[in-house]
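*Asks:* Sequence lines, in order, name chains B and Y. Take 3 as the starting number for the first sequence in our numbering and just add one per residue. Take 16 as the starting number for the second sequence in our numbering and just add one per residue.
Hints listed in this document are in silico derivations from the structure and should not be mistaken for laboratory results. Given the structure is predicted, the values throughout are model-derived calculations rather than measurements. Incorrect hints may appear among the rest.
[Unchecked claim] Selected chain Y positions facing chain B (Cβ under 10 Å, derived; list incomplete): (1) VAL18; (2) LEU19; (3) PHE25; (4) ILE30; (5) SER35; (6) VAL40; (7) GLN51; (8) LEU52; (9) PHE62; (10) GLU71; (11) PHE80.
[As the list claims (entries may be wrong)] Residues of chain B placed beyond 12 Å of chain Y at every Cβ, according to the derived structure: (12) GLU4; (13) ILE14; (14) ARG23; (15) GLY38; (16) VAL42; (17) LEU46; (18) LEU61; (19) ALA63; (20) GLY86; (21) ARG91; (22) VAL102.
The beta-carbon is built from N, C-alpha and C at its ideal position, and this holds for glycine as well.
If you want the building blocks of each chain, they are given just below.
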Amino acid sequence: MEIIQVVGFGVIAAVSVLFVRQSRPDIAHLLSIGAGVVIVVYVLGYLGMIIDVITDLALEAEINTVFLRTLLRVIGVSYLAEFGAQICRDAGENGIAAKVEFAGKIIILIMAVPILLAVLESIINFIP
Amino acid sequence: MNVLRVDLLFQIVGIGIFISVLNIVLKQAGKEEQAQLLTLVGVVIVFLMVIQLIGELFYSFRNIFNL
Numbered sequence: 003m004e005i006i007q008v009v010g011f012g013v014i015a016a017v018s019v020l021f022v023r024q025s026r027p028d029i030a031h032l033l034s035i036g037a038g039v040v041i042v043v044y045v046l047g048y049l050g051m052i053i054d055v056i057t058d059l060a061l062e063a064e065i066n067t068v069f070l071r072t073l074l075r076v077i078g079v080s081y082l083a084e085f086g087a088q089i090c091r092d093a094g095e096n097g098i099a100a101k102v103e104f105a106g107k108i109i110i111l112i113m114a115v116p117i118l119l120a121v122l123e124s125i126i127n128f129i130p
Numbered sequence: 016m017n018v019l020r021v022d023l024l025f026q027i028v029g030i031g032i033f034i035s036v037l038n039i040v041l042k043q044a045g046k047e048e049q050a051q052l053l054t055l056v057g058v059v060i061v062f063l064m065v066i067q068l069i070g071e072l073f074y075s076f077r078n079i080f081n082l
């Protein structure tokens, strides 16, 4: 049922962006950003529920919460970086989009370092 | 869950159309500067609305992914 709302909203947004682009291209770009953000904010509610379920399962499985927290942060950063890069690409700024993605990768690498060290330590412990 | 806010979308479209129509009227009346300023005002208003939306997106992202 929700998908019908989202698809309808997307079609309306696309048509209205085309309509506004004739006279005011800058407002059209802002309109496309706004439409994208509204859809994502709408879906984020459900995403929150899914993530709560995953964290509950992880707690039952006694997985170290640090790993899960880092994993969730990496997912969040990657999505936001892709979101920003896509907005820049819509505006025709491929250079800026590439820089945003590059920054996102660096931030993810920084977050992944502690996990990398933990894995290496556990491997070293295995070696007799 | 939060609902799809179509009204925001139509508000922005309305502002866009209103600005372009007023621009044409001002150009007819020969007031070029006012037309330019009006365009700026329109873009700023729409920008503020979109920035509020993006702020809300970032806020909910921080909560969900505890970034």
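*Asks:* A separate judgement is required for each hint: does it hold in the structure or not?
*Replies:* Hints and how they fare:
| no. | hint | verdict |
| --- | --- | --- |
| 1 | VAL18 | holds, 7 Å |
| 2 | LEU19 | holds, 5 Å |
| 3 | PHE25 | holds, 8 Å |
| 4 | ILE30 | holds, 7 Å |
| 5 | SER35 | holds, 4 Å |
| 6 | VAL40 | violated, 13 Å |
| 7 | GLN51 | violated, 13 Å |
| 8 | LEU52 | violated, 15 Å |
| 9 | PHE62 | holds, 6 Å |
| 10 | GLU71 | holds, 6 Å |
| 11 | PHE80 | holds, 3 Å |
| 12 | GLU4 | violated, 8 Å |
| 13 | ILE14 | violated, 7 Å |
| 14 | ARG23 | violated, 9 Å |
| 15 | GLY38 | violated, 9 Å |
| 16 | VAL42 | violated, 6 Å |
| 17 | LEU46 | violated, 5 Å |
| 18 | LEU61 | holds, 15 Å |
| 19 | ALA63 | holds, 20 Å |
| 20 | GLY86 | violated, 10 Å |
| 21 | ARG91 | holds, 17 Å |
| 22 | VAL102 | holds, 14 Å |
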